[in-house]
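**Student:** Sequence:
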Amino acid sequence: QAALYTIEMCEAKVPVHVGATKPLVRSFSSAQNVHGADGMGDIGLKLSGRIPTSHDAVRQIIDTFRSAPGEIDLVTLGPLTNIALALSIEPEFAKWVRRCVIMGGTGVLPGNVTVASEFNIWADPESARIVFDSALPLEMVGWDVSVADAVISDELAAEFTELSNLGKFAMSIQRQVREFCRTETKLDGFDLPDPITMSVAIDSSMSTSEIRKYVRVHLGDGDTRGQTIVDHLGTLGKNQNCRVVLRVNRTRFVAMIRDALAN
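Quick note on numbering: the sequence shown equals residues 74 to 336 in our numbering.
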(Lines of atoms letter the chains of each structure in order from A and count residues from 1; the text may use other names and numbers.)
(Lines give C-alpha, C1' and ligand atoms only; values in the text may rest on other atoms or scores of the structure.)
Protein backbone atom coordinates (compact mmCIF):
# COMPACT_ATOMS: atom_id res chain seq x y z
CA GLN A 1 0.00 0.00 0.00
CA ALA A 2 2.87 2.38 0.71
CA ALA A 3 4.32 1.79 -2.76
CA LEU A 4 0.93 2.23 -4.42
CA TYR A 5 0.27 5.45 -2.52
CA THR A 6 3.68 6.86 -3.43
CA ILE A 7 3.21 6.07 -7.12
CA GLU A 8 -0.15 7.82 -6.98
CA MET A 9 1.43 10.89 -5.39
CA CYS A 10 4.03 10.95 -8.17
CA GLU A 11 1.33 10.62 -10.84
CA ALA A 12 3.31 7.73 -12.28
CA LYS A 13 2.16 4.54 -13.95
CA VAL A 14 4.27 1.77 -12.46
CA PRO A 15 2.92 -1.72 -11.75
CA VAL A 16 3.28 -3.05 -8.21
CA HIS A 17 3.57 -6.82 -7.87
CA VAL A 18 3.34 -8.73 -4.58
CA GLY A 19 6.42 -10.75 -3.70
CA ALA A 20 7.57 -12.86 -0.77
CA THR A 21 5.76 -12.27 2.50
CA LYS A 22 8.51 -13.62 4.76
CA PRO A 23 12.24 -14.36 4.75
CA LEU A 24 13.53 -17.68 3.41
CA VAL A 25 14.30 -19.16 6.83
CA ARG A 26 13.65 -16.70 9.64
CA SER A 27 10.57 -15.09 11.06
CA PHE A 28 9.52 -11.73 9.67
CA SER A 29 10.98 -8.60 11.27
CA SER A 30 9.82 -5.10 10.38
CA ALA A 31 11.40 -1.67 10.76
CA GLN A 32 8.32 -0.08 12.34
CA ASN A 33 10.48 1.49 15.02
CA VAL A 34 12.17 3.49 12.25
CA HIS A 35 9.46 4.13 9.67
CA GLY A 36 6.31 3.92 11.79
CA ALA A 37 3.62 1.27 12.03
CA ASP A 38 2.41 2.03 8.50
CA GLY A 39 5.90 2.35 7.04
CA MET A 40 5.16 5.95 6.06
CA GLY A 41 5.80 7.89 9.25
CA ASP A 42 2.37 7.43 10.87
CA ILE A 43 1.19 10.81 9.58
CA GLY A 44 -2.38 9.68 8.92
CA LEU A 45 -2.20 8.65 5.27
CA LYS A 46 -5.04 6.49 3.96
CA LEU A 47 -2.99 3.46 3.02
CA SER A 48 -5.74 1.07 1.98
CA GLY A 49 -7.94 0.23 -0.96
CA ARG A 50 -5.30 0.38 -3.69
CA ILE A 51 -4.90 -2.84 -5.63
CA PRO A 52 -1.60 -4.28 -6.88
CA THR A 53 -1.44 -6.50 -9.95
CA SER A 54 -2.32 -10.17 -9.71
CA HIS A 55 1.14 -11.17 -10.96
CA ASP A 56 3.78 -12.76 -8.75
CA ALA A 57 6.71 -10.38 -8.25
CA VAL A 58 9.41 -13.06 -8.52
CA ARG A 59 8.01 -14.37 -11.79
CA GLN A 60 7.72 -10.81 -13.14
CA ILE A 61 11.33 -10.10 -12.20
CA ILE A 62 12.51 -13.20 -14.05
CA ASP A 63 10.36 -12.56 -17.12
CA THR A 64 11.36 -8.89 -17.32
CA PHE A 65 15.09 -9.62 -17.38
CA ARG A 66 14.67 -12.60 -19.69
CA SER A 67 12.94 -10.33 -22.20
CA ALA A 68 15.90 -7.93 -22.41
CA PRO A 69 19.10 -9.66 -21.27
CA GLY A 70 21.90 -7.27 -20.38
CA GLU A 71 19.76 -4.18 -20.90
CA ILE A 72 18.10 -3.59 -17.51
CA ASP A 73 19.53 -2.63 -14.12
CA LEU A 74 18.24 -4.24 -10.94
CA VAL A 75 17.98 -1.97 -7.88
CA THR A 76 17.11 -3.42 -4.47
CA LEU A 77 15.96 -1.20 -1.62
CA GLY A 78 14.89 -3.81 0.92
CA PRO A 79 15.61 -7.38 2.05
CA LEU A 80 16.75 -9.61 -0.82
CA THR A 81 14.21 -12.44 -0.59
CA ASN A 82 12.64 -11.94 -4.02
CA ILE A 83 16.03 -11.78 -5.72
CA ALA A 84 17.24 -14.93 -3.97
CA LEU A 85 14.10 -16.71 -5.13
CA ALA A 86 14.61 -15.51 -8.70
CA LEU A 87 18.18 -16.84 -8.64
CA SER A 88 17.00 -20.16 -7.24
CA ILE A 89 14.19 -20.60 -9.77
CA GLU A 90 16.08 -19.45 -12.87
CA PRO A 91 19.78 -20.44 -13.07
CA GLU A 92 20.35 -18.03 -15.98
CA PHE A 93 18.93 -15.01 -14.16
CA ALA A 94 22.22 -13.47 -13.01
CA LYS A 95 23.52 -13.35 -16.59
CA TRP A 96 20.58 -11.23 -17.71
CA VAL A 97 21.16 -8.39 -15.22
CA ARG A 98 23.27 -5.44 -16.41
CA ARG A 99 23.89 -4.01 -12.92
CA CYS A 100 22.59 -5.06 -9.50
CA VAL A 101 22.69 -2.05 -7.18
CA ILE A 102 21.96 -2.97 -3.57
CA MET A 103 20.97 -0.66 -0.74
CA GLY A 104 22.22 -2.75 2.12
CA GLY A 105 25.09 -3.63 4.37
CA THR A 106 27.95 -1.37 5.37
CA GLY A 107 31.34 -0.96 3.78
CA VAL A 108 33.19 0.59 6.71
CA LEU A 109 30.84 1.57 9.56
CA PRO A 110 28.94 -0.36 12.25
CA GLY A 111 25.37 -1.45 11.59
CA ASN A 112 22.04 0.17 12.36
CA VAL A 113 20.15 -2.83 13.72
CA THR A 114 23.02 -4.56 15.53
CA VAL A 115 26.55 -3.39 16.21
CA ALA A 116 27.64 -4.99 12.93
CA SER A 117 24.60 -5.35 10.68
CA GLU A 118 22.41 -3.17 8.49
CA PHE A 119 18.66 -3.92 8.47
CA ASN A 120 18.06 -4.97 4.86
CA ILE A 121 20.73 -7.68 5.04
CA TRP A 122 19.97 -8.61 8.66
CA ALA A 123 16.26 -9.13 7.92
CA ASP A 124 16.97 -12.06 5.59
CA PRO A 125 20.65 -13.00 5.72
CA GLU A 126 20.13 -16.33 3.97
CA SER A 127 18.70 -14.56 0.93
CA ALA A 128 21.48 -12.00 1.05
CA ARG A 129 24.07 -14.80 1.14
CA ILE A 130 22.52 -16.32 -2.00
CA VAL A 131 22.63 -12.95 -3.77
CA PHE A 132 26.20 -12.08 -2.78
CA ASP A 133 27.40 -15.59 -3.65
CA SER A 134 25.78 -15.39 -7.09
CA ALA A 135 27.18 -14.21 -10.42
CA LEU A 136 25.17 -10.97 -10.30
CA PRO A 137 27.19 -7.82 -11.13
CA LEU A 138 26.95 -6.48 -7.59
CA GLU A 139 27.23 -2.88 -6.43
CA MET A 140 26.68 -2.17 -2.73
CA VAL A 141 25.65 1.23 -1.43
CA GLY A 142 25.71 0.69 2.31
CA TRP A 143 24.18 2.54 5.19
CA ASP A 144 27.56 4.14 5.82
CA VAL A 145 27.24 6.02 2.51
CA SER A 146 23.85 7.35 3.57
CA VAL A 147 25.21 8.57 6.90
CA ALA A 148 28.17 10.22 5.20
CA ASP A 149 26.46 11.91 2.25
CA ALA A 150 22.66 11.72 2.46
CA VAL A 151 21.78 13.40 5.76
CA ILE A 152 19.01 15.95 5.34
CA SER A 153 19.13 18.74 7.91
CA ASP A 154 15.98 20.32 9.29
CA GLU A 155 16.74 23.43 7.24
CA LEU A 156 17.08 21.46 4.01
CA ALA A 157 13.93 19.48 4.79
CA ALA A 158 12.06 22.76 5.26
CA GLU A 159 13.31 23.95 1.87
CA PHE A 160 12.23 20.72 0.17
CA THR A 161 8.81 20.93 1.84
CA GLU A 162 8.17 24.29 0.20
CA LEU A 163 9.05 23.08 -3.30
CA SER A 164 5.81 21.26 -4.09
CA ASN A 165 3.11 18.96 -2.76
CA LEU A 166 5.44 16.09 -3.54
CA GLY A 167 8.17 17.76 -1.51
CA LYS A 168 5.79 18.19 1.41
CA PHE A 169 4.81 14.52 1.18
CA ALA A 170 8.39 13.27 0.88
CA MET A 171 9.55 15.20 3.93
CA SER A 172 6.48 14.59 6.11
CA ILE A 173 6.77 10.81 5.87
CA GLN A 174 10.24 11.08 7.41
CA ARG A 175 8.79 12.09 10.79
CA GLN A 176 9.48 8.78 12.52
CA VAL A 177 12.85 8.44 10.79
CA ARG A 178 13.86 11.87 12.09
CA GLU A 179 13.08 10.83 15.65
CA PHE A 180 14.97 7.54 15.24
CA CYS A 181 18.00 9.40 13.91
CA ARG A 182 17.86 11.85 16.80
CA THR A 183 17.64 9.23 19.52
CA GLU A 184 19.44 6.21 18.05
CA THR A 185 21.89 7.07 15.29
CA LYS A 186 22.60 10.58 16.67
CA LEU A 187 22.38 12.35 13.32
CA ASP A 188 21.68 16.04 12.92
CA GLY A 189 18.72 15.40 10.64
CA PHE A 190 17.72 12.20 8.87
CA ASP A 191 19.47 10.16 6.22
CA LEU A 192 18.04 8.85 2.94
CA PRO A 193 19.63 5.48 2.12
CA ASP A 194 17.18 4.49 -0.61
CA PRO A 195 17.39 7.77 -2.58
CA ILE A 196 21.19 7.88 -2.44
CA THR A 197 21.30 4.30 -3.71
CA MET A 198 18.95 5.26 -6.53
CA SER A 199 21.19 8.20 -7.38
CA VAL A 200 24.09 5.79 -7.96
CA ALA A 201 21.84 3.48 -9.97
CA ILE A 202 20.70 6.39 -12.15
CA ASP A 203 24.20 7.80 -12.61
CA SER A 204 27.16 5.59 -11.73
CA SER A 205 29.47 8.63 -11.68
CA MET A 206 27.74 9.85 -8.51
CA SER A 207 30.25 7.68 -6.65
CA THR A 208 33.35 9.61 -5.60
CA SER A 209 35.05 6.82 -3.67
CA GLU A 210 34.69 3.09 -4.15
CA ILE A 211 36.56 -0.18 -3.88
CA ARG A 212 36.16 -3.54 -5.52
CA LYS A 213 36.32 -6.28 -2.91
CA TYR A 214 35.01 -9.68 -1.97
CA VAL A 215 31.89 -9.32 0.19
CA ARG A 216 30.34 -12.18 2.13
CA VAL A 217 27.21 -12.18 4.28
CA HIS A 218 27.55 -13.71 7.73
CA LEU A 219 24.83 -16.12 8.79
CA GLY A 220 24.03 -17.29 12.30
CA ASP A 221 22.57 -15.27 15.14
CA GLY A 222 23.59 -12.52 17.50
CA ASP A 223 25.35 -9.26 16.78
CA THR A 224 26.93 -10.44 13.52
CA ARG A 225 23.79 -11.89 11.92
CA GLY A 226 23.62 -10.39 8.45
CA GLN A 227 26.96 -8.59 8.68
CA THR A 228 28.47 -7.74 5.31
CA ILE A 229 32.08 -8.83 5.65
CA VAL A 230 34.15 -6.74 3.25
CA ASP A 231 37.54 -8.35 2.68
CA HIS A 232 39.51 -5.09 2.56
CA LEU A 233 42.93 -6.79 2.77
CA GLY A 234 42.19 -9.76 0.54
CA THR A 235 42.98 -12.24 3.29
CA LEU A 236 40.21 -14.64 2.24
CA GLY A 237 41.72 -15.10 -1.21
CA LYS A 238 38.36 -14.86 -2.97
CA ASN A 239 37.47 -13.19 -6.25
CA GLN A 240 36.36 -9.58 -5.85
CA ASN A 241 32.62 -9.91 -6.36
CA CYS A 242 31.31 -6.46 -5.49
CA ARG A 243 31.77 -2.78 -6.26
CA VAL A 244 31.51 -1.22 -2.81
CA VAL A 245 30.59 2.46 -2.94
CA LEU A 246 32.08 4.41 -0.02
CA ARG A 247 31.20 8.03 -0.81
CA VAL A 248 28.83 9.89 -3.13
CA ASN A 249 28.95 13.47 -4.41
CA ARG A 250 26.68 15.11 -1.85
CA THR A 251 26.23 18.35 -3.79
CA ARG A 252 25.00 16.48 -6.85
CA PHE A 253 22.81 14.21 -4.72
CA VAL A 254 21.05 17.12 -3.02
CA ALA A 255 20.57 18.78 -6.42
CA MET A 256 19.05 15.57 -7.79
CA ILE A 257 16.58 15.37 -4.90
CA ARG A 258 15.73 19.06 -5.24
CA ASP A 259 15.05 18.71 -8.96
CA ALA A 260 12.94 15.58 -8.48
CA LEU A 261 10.76 17.20 -5.83
CA ALA A 262 10.40 20.47 -7.73
CA ASN A 263 9.40 18.82 -10.99
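Hints were generated in silico from the structure; no laboratory data involved.
Just so you know, not all the hints are guaranteed correct.
Quick list of simulated restraints, FRET-style, between CB atoms [unchecked claim]: (1) ASP304 - LYS95: 27 to 33 Å; (2) GLU81 - GLN105: 40 to 46 Å; (3) ASP146 - ILE116: 28 to 34 Å; (4) ASP136 - LEU309: 32 to 38 Å.
From the three backbone atoms N, C-alpha and C, an ideal C-beta is built for every residue, glycine too.
**Student:** Could you run down the list of hints and mark each one as holding or not?
**Tutor:** Checked hints:
A beta carbon spacing of about 31 Å between ASP304 and LYS95 agrees with the range 27 to 33 Å that was offered as a hint. Range check, GLU81 to GLN105: Cβ separation about 22 Å, and the 40 to 46 Å hint is violated. Look at ASP146 against ILE116: about 31 Å separates their beta carbons, and that is inside 28 to 34 Å. Between ASP136 and LEU309, the C-beta spacing of about 36 Å keeps the proposed range 32 to 38 Å intact.
Hint check: a violation occurs at hint 2 only; the rest are consistent with the structure.
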